[in-house]
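Please take these sequences and the hints and turn them into a complete structure.
Chains as they are written, first to last, in our numbering: chain A, 2 to 275; chain B, 5 to 223; chain C, 128 to 369.
Quick caveat, the hints were computed from the structure, so don't treat them as lab data. Every residue, glycine too, gets a C-beta built ideally from N, C-alpha and C.
Reference listing, derived: stretches of chain C covered by chain B, where coverage requires no fewer than 3 residues with Cβ under 8 Å from a Cβ of chain B:
(1) 205-216
(2) 227-239
(3) 255-268
Listed below, chain by chain, are the residues.
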Amino acid sequence: MRDALFEAPGPKTKRKILVGTIISSIAIAAILVWVVLRLYQMGQFDASYWYFFGQWSTWRFLLQGLAGTAEVAVTAGVIALALGILFMFGRISKNRVVSGIFRVIINFFRGIPSLLLIYFFFLVIPSYGIKMPAFWMLTLPISLTASGVLAEVFRAGVNAVPKGQREAALSLGMTEGKVLRKIILPQAIRYVIPSLISQLVVVVKDTSVAYVVSFPDLLQNARVLISNYDSLVSVYFVVAIIYILINYAINELAVRMARQSGTKVVTRAQENPV
Amino acid sequence: MSLQQLFSTYGGMYVKAYAATLEMTVVSFVGAMVLALLVTIARVCPISPLRRLGDFYVQVFRNVATISLLIIFYYAFPYLGIVWNEMTCVIVTTILVAASFGSENFMSGINTIGVGQIEAARSLGLSFGQILRQVVIPQALRSAVLPMTNLLVAVMLTTAIGSQVPLNPQELTGLVSYINTMSVGGILPFAVSALLYAGTAFLIGLAGNAIDKRVRILR
Amino acid sequence: MIELRHVQKHFGDLHVLKDINLKVEKGEVVVLIGPSGSGKSTLCRTINRLETIDSGEILIDGKPLPQEGKELAATRAEIGMVFQSFNLFAHKTILDNVTMGPVEVLHRDRKEAEAEAMELLRRVGVAEQAKKVPAQLSGGQQQRVAIARSLAMHPKAMLFDEPTSALDPEMINEVLDVMVGLAREGMTMVVVTHEMSFARRVSDRVEFMADGQILEEGDPNEFFDHPKTERAREFLESIKGH
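Encoded structure:
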């Protein structure tokens, strides 16, 4: 579509595009050179900031952190999926009280930052004498905020299943509950798989505050490296790139699954904000 | 601690914290919209280096962990001779991340228009600028209302990263951790912040729905 | 009025227009007919440069079709186009759809443009719908609005790219009736269509296309009753069944 905005260029337009291409290439190159120069002037290319990336122990430590990130992200993702479906069922309940309660629950968890909820699990819950490992102080709040979002993702998916499907299944003698479980939900989930995967990116990003509860994730281990080698810029730079690459891979997976599934895709844009 | 005690001791700070959250939210959202527009223009323009730069921008900033970006601006940039105050760091981080999602929203808004309408406008003899003004932008904006409402809420929630730097005054999340370190706060300080966040998000959502209902394009 | 000389076009490896020569005189109604994928739509769309060509010449009133800029826009403003999928502006009312061209391109006074637009909408029979948006109208109504939108520009020629192919059967005639009226008034028309009755009733000439070539051209009755080529016979046989 973005190509359709501009029509096939004529000779004058082609010349303008060529000039634009040259100028913008030069500008982009100039910015890159400036950044590299700046880093160089500030001594950031000094070997002392980079040599330890040549050591296996460094990468092993970062990979351990990454394993922690993955552990939290996957656990939180699974819990959020289950809770999201549960909340969605509550939300679409025919019972007004039930659906009202779940509407409040969903909007509450969608409407607060995961960091705030992490502080709740980290600072408030222990003050009531409940002991909880760091892993759960991180994983539970992330699951809860994600589940609010996922409930709405699922609801958008359920709404997108054609009405005729339900009527056809009912006329076969299925009960309402069975129709929902056997006919509607499987299709709804297929529609929203790409949205679910992109929500996984949000979960991965949320895990990066693990240092708040001293859980050894990628960023927390990076902080240890920084204090060991006194090289803040290089380590944070590398860690940021690792996050970008992981999430990029997850997003690409979502795009590819959307393309392959061949069914319609319900995107986040089709959700209601309230 | 009772609610009364909480408000008599920290009431003023809550007002300030809520104001700080709102201020950072509004400034970041406006900044993000402007940047998202620029990025989107770059992504749809026929000059391929700019296109690729726009795409690259979106991939980087929607995938980077927000906290790691904030930490880079706040802790690493001074090593490069760039020193920003806490609030600037939070706002810049939020703008950069939100703009990548905003640009995605604009792009899908443009995608809903369809080639046919643009060709029809072309056949009427409308210039490129007129097609943008009359056909593309009005429709892209209208179909972006709901996603942008969701983004505004996301921006507000993102400003909670302000709790990770010594912001002054603190925002709603930082204040909760502050109160809990100063006194045994229990559930109340958390609940007040949470309700302010969730309530604001709810109101933003209602407003977004109302606007969407008025401008929604029947298809 | 419209002339194509040795026009060639490729989509990648696909040779979609093979040495097309076509001349449409003022007031003539030419129907392009042929199996799908024969290049007839592409040919129609090259005339106002919605599709570019690789080589050859397209002349409008003896002058080459401009390649870009104001000149191209001005030429397009003089040639109406009606699409298979109507392509009305979804966010504008029916009335605004019709006035957009005159107001934005011809810089006409809005009040005058609206008065004329209402007249045109009455003529195509959708005046009561003026305040609605496109999605509230049936396909046939939308297509008639699209024709009114083109007419509002006072075009000297009109291109119709399968104008009835996306319509339910009962709506086809309401659109064809408008087109017949236009033809009778002397509008220069290039029409891509499968509607044989329309071709027989009003067209001056039929051009039969297959595989990117014009295989046969001539009087519509002659063509439909006694096609000269095997391809044309096969094609007519295949659409007659319906």
